[in-house]
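Turn these sequences into a full structure, and let the hints steer you where they fit.
Protein chains: 2
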Amino acid sequence: MDARPTVNPRLFGFVGGSHGPWRILESTAIVGEPLSEATFLDIVPGEPPHGPGCSWVLRGVTSHDRYVMRSEKTELVRRQQGLGRPDCTLAALIPIRKKAAWWALTQDERRDVFEAQSEHIGIGMRYLPAVARRLHHCRDLSRAEPFDFLTWFEFSPANASAFDDLLLALRASPEWTYVDREADVRLERAGA
Amino acid sequence: MDARPTVNPRLFGFVGGSHGPWRILESTAIVGEPLSEATFLDIVPGEPPHGPGCSWVLRGVTSHDRYVMRSEKTELVRRQQGLGRPDCTLAALIPIRKKAAWWALTQDERRDVFEAQSEHIGIGMRYLPAVARRLHHCRDLSRAEPFDFLTWFEFSPANASAFDDLLLALRASPEWTYVDREADVRLERAGA
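Taken in sequence, the protein lines are chains A and B.
Each residue of the first sequence is one higher than the one before, counting from 1 in the numbering used here.
Each residue of the second sequence is one higher than the one before, counting from 1 in the numbering used here.
It is worth saying that the hints were derived from the structure and are not from the lab.
Among the clues, some could well be false.
Which copy is meant is left open, so a pair is good if it fits within one copy or across any two.
Claimed, not checked - Lysine to aspartate or glutamate pairs mimicking DMTMM-like chemistry, simulated, CA-CA at most 25 Å apart:
(1) K73 - E109
(2) K73 - D148
(3) K73 - D164
(4) K99 - E182
(5) K99 - D65
(6) K99 - D87
(7) K99 - D164
(8) K73 - E47
(9) K99 - E33
(10) K73 - E175
(11) K99 - E109
(12) K73 - E115
(13) K73 - D112
(14) K73 - E33
(15) K99 - D180
(16) K99 - E188
(17) K73 - D165
(18) K73 - D42
Dropping the structure here:
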């Protein structure tokens, strides 16, 4: 058999429920249906177990860059810092789904909306290294997932209002007219 | 629960074994490990069952365009025809994996290799509508898959040598220096 039943090593499960290292402070539906209620979040590598006390499970894989050009990548890598910094006790999980019209665009059209019109990379760059970020793709997983992307952000309490500014700028951009579901889950490291 | 255990509607399984509507004429390893032996191929929507007589299973999802620009897409759509034409009794399944170096390139670098250097779209265009094609992505599925892409081609016996020319041109391109596994499975519609 050439089928290898091992999990994609870039797959992560985000499990909302009654336990986990992140306490959910607030969960808002920005566009569309809300997530069900949960008090804690666990982030697990691989296929998440469906345990008791689990309210929702979202899955995503980290992957290669879709829009970034080499010059932008060089600058992003120079400025960004990793997840898990001790002072970054706050986090946000922003799951997003985009309309079919977005996916029907060609690469040049998506890049035009994403950066030329919306400065998605440019806006994000202004908040580095304050806001650390990891993007997960859900659209091409084996199961039908409720979102296309899950973005995980970590920042310190001192940068919480800067993070809100970042979201305001992105949500006001032309790219966001293609968003048809968006949730916003705010979290605090449990024990922080 | 927000987890929906339904399969991705764009997922297809390619099952090599002892039955199916396509008879395997030849299976060659172009680069890397060969596929195990099989005599027939079945293509199933969704998650393929692991039945008896199954030698290998490959999975992939159809997805949005990654490199094509609007002007190219317009021309492709104008020229191409669908799968399943009655005279297209021959087919090929070409599973490909690309090196980590490919996935580390940024979008502008990949597009440069893909089209400016390799004319991947331009070469394919010359064989339309003779060769019908459907591309499946495997890299961001939930399981670790042995290939990154599965391309399925259908053509008539009269166009079989044109199809070989298409493959020769692509395999001689700079893009193919990034390929680290490639299989080439040739098939005939069973009963044709």
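Hint-by-hint comparison with the structure:
no. : hint       : verdict
1   : K73 - E109 : both (20 Å within a copy, 11 Å between copies)
2   : K73 - D148 : both (22 Å within a copy, 23 Å between copies)
3   : K73 - D164 : within (24 Å within a copy, 38 Å between copies)
4   : K99 - E182 : within (11 Å within a copy, 34 Å between copies)
5   : K99 - D65  : both (20 Å within a copy, 15 Å between copies)
6   : K99 - D87  : neither (36 Å within a copy, 37 Å between copies)
7   : K99 - D164 : within (24 Å within a copy, 39 Å between copies)
8   : K73 - E47  : neither (30 Å within a copy, 36 Å between copies)
9   : K99 - E33  : within (14 Å within a copy, 40 Å between copies)
10  : K73 - E175 : both (20 Å within a copy, 21 Å between copies)
11  : K99 - E109 : within (15 Å within a copy, 27 Å between copies)
12  : K73 - E115 : both (13 Å within a copy, 21 Å between copies)
13  : K73 - D112 : both (17 Å within a copy, 16 Å between copies)
14  : K73 - E33  : neither (34 Å within a copy, 34 Å between copies)
15  : K99 - D180 : within (6 Å within a copy, 35 Å between copies)
16  : K99 - E188 : neither (31 Å within a copy, 39 Å between copies)
17  : K73 - D165 : within (23 Å within a copy, 37 Å between copies)
18  : K73 - D42  : neither (30 Å within a copy, 42 Å between copies)
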